[in-house]
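The primary structure of each chain is shown beneath.
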Amino acid sequence: MRAAIHCCHKKMVPVTKAVLAIAPALNALALGLVLAIGWPLSVHGKTPEVSITADRALHFGTFMVFGSGSRTVSAAGAVIDNSIVALEGMASAPARFTVSYDRGNESKHVLDIELELVISSMPRIREGGVEGAVANLQTDLPGAAQVRPGEAIRLTLAQCRTRVCSRSFHVGGRLDVTRSFGGGVLLIPIPIDAAVISVERQR
Amino acid sequence: MRNRLTVLAFTGSLGAAIVPSGLHAQSPSSSSAEGQAAAQVVTNLQVQPLADLQFGAIVVGVGEGGEVVVGNAAADFSYRGSARSGCGQGGACAPHPAMFQVNGEASRAYRITIAGPVLARGQASGVALEVSALTLFSANISGSDGLGRLNADGADQFTVGGTLLVPAATTPDIFRADLPVTVSYE
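Each protein sequence line maps, in turn, to chains A and B. Residues in the first sequence are numbered consecutively from 1, following this note's numbering. Residues in the second sequence are numbered consecutively from 1, following this note's numbering.
Any given hint could be a false lead.
[What the hints assert, rightly or not] Okay, the calculated bits of chain A under chain B, using three or more residues with CB under 8 angstroms as the criterion:
no., segment
1, 46-57
2, 140-151
3, 157-171
4, 180-187
[What the hints assert, rightly or not] Away from chain B, derived, C-beta distances all over 10 angstroms, residues of chain A:
no., residue
5, THR62
6, ARG71
7, SER74
8, ASN105
9, ARG154
[As the list claims (entries may be wrong)] Examples of chain B residues toward chain A, derived with CB under 8 angstroms:
no., residue
10, ALA33
11, GLU34
12, ALA37
13, ALA39
14, VAL42
15, GLN48
None of these hints come from the bench; they were simulated from the model. Cβ atoms here follow ideal geometry from the backbone N, Cα and C, with glycine treated the same way.
Could you build the full structure based on these sequences and the hints that come with them?
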């Protein structure tokens with residue numbers, strides 16, 4: 001048994017030694033290959049990431065209402081009132097969001113990034129004797145003029161040539177309000193999510 | 001054993017480096033934000049009459065008419081021409097301005113509008129005489145240009161005075177004016 005082991009060990013040693021001798025060179029070759037292709041390495045850049053920010057609120061302005069009424073602010077900022085008396089004060093304006101994609105490195109490859117946006121449902125808010133809810137969402141994104149809460153919106157950041165590419169867009173909607181007594185300031189959250197669907201590199 | 005492990009580690013790293021991953025890569029990242037919708041709903045404006053525009057008991061001469069001028073303060077009134085008070089001393093028929101209470105959104109300005117013409121009627125005779133030179137006075141801003149301002153509690157009061165031209169030989173009577181007042185936020 002001991003002779004057999006001695007025999008095989010002797011045969012294996014030359015092969016192992018040869019591999020070990022050329023291992024550093026092969027490692028260097030592998031590293032060079034990766035750098036030449038420009039493959040992203042975590043040791044040379046950050047993880048790619050998407051981000052979305054709320055730049056401006058959806059402002060419905062200042063007004064008086066008798067009983068119930070509504071005000072629509074479009075994604076372009078047009079205002080339509082129903083049983084609402086407009087007053088001086090807060091100006092009306094659509095919300096603005098900005099979605100960005102950071103590739104995590106300084107490569108100059110042209111990328112097409114496909115994103116998915118989702119605006120979640122918004123709660124009905126009561127402030128003293130005033131109650132309001134937002135409905136009929138509108139955006140100025142292509143193919144998403146009217147959107148429902150929970151509906152996926154596809155957005156492409158085409159021909160991205162810089163490390164960070166961004167796109168801003170506007171969101172409008174209709175505020176349905178009921179006043180029983182007094183007045184108040186209604187603040188209704190608009191939750192929005194952005195996710196990366198795909199990143200394609202152009203040849 | 002150590003040499004075998006070294007070989008395996010090297011092979012693994014080389015294999016990972018040169019395995020092609022295609023021309024596109026999945027980046028499974030997501031982000032969330034919370035925007036906001038905002039609206040300021042203002043308390044409705046309400047106006048309540050507290051006192052009528054009262055020209056009081058008036059007597060004029062047969063051959064000459066007169067005027068009764070009511071200012072914006074309680075005892076601010078005067079007679080011109082042949083017009084004089086028909087009230088006894090201490091009578092409750094003395095002239096006084098109209099007074100209104102306004103309530104609404106705190107610190108907001110409002111405008112007072114009176115649709116014309118304004119007529120004062122004799123309580124006994126029913127004779128209608130036109131009221132001219134209406135004056136408005138807001139307590140909060142001490143102004144008389146038809147503008148008022150609600151205080152920190154959302155309240156204000158304003159008065160309305162005017163001039164009543166009484167023709168000669170008008171039957172003595174107590175004259176009181178109806179005022180169609182509208183208030184609106186400025």
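These are the hints, each one checked on the structure:
1. 46-57: holds (count 9)
2. 140-151: violated (count 0)
3. 157-171: With 1 residues closer than 8 angstroms to chain B, the segment 157-171 of chain A misses the three-residue bar; violated.
4. 180-187: Since three or more residues must qualify, the claim that chain B covers the segment 180-187 of chain A holds, with 6 doing so at under 8 angstroms.
5. THR62: 4 angstroms, violated
6. ARG71: Contrary to the label, ARG71 of chain A does not stay out of reach of chain B, its closest Cβ about 7 angstroms off (not over 10 angstroms).
7. SER74: It holds; SER74 of chain A is separated from chain B by about 14 angstroms at its closest Cβ, greater than 10 angstroms.
8. ASN105: Answer for ASN105 of chain A: holds, closest chain B Cβ roughly 12 angstroms.
9. ARG154: 15 angstroms, holds
10. ALA33: 5 angstroms, holds
11. GLU34: Cβ of GLU34 of chain B sits 5 angstroms from chain A, so the hint holds.
12. ALA37: 4 angstroms, holds
13. ALA39: 4 angstroms, holds
14. VAL42: Since chain A brings a Cβ to about 5 angstroms from VAL42 of chain B, closer than 8 angstroms, the hint holds.
15. GLN48: Hint on GLN48 of chain B: violated, closest Cβ of chain A at ~16 angstroms, above 8 angstroms.
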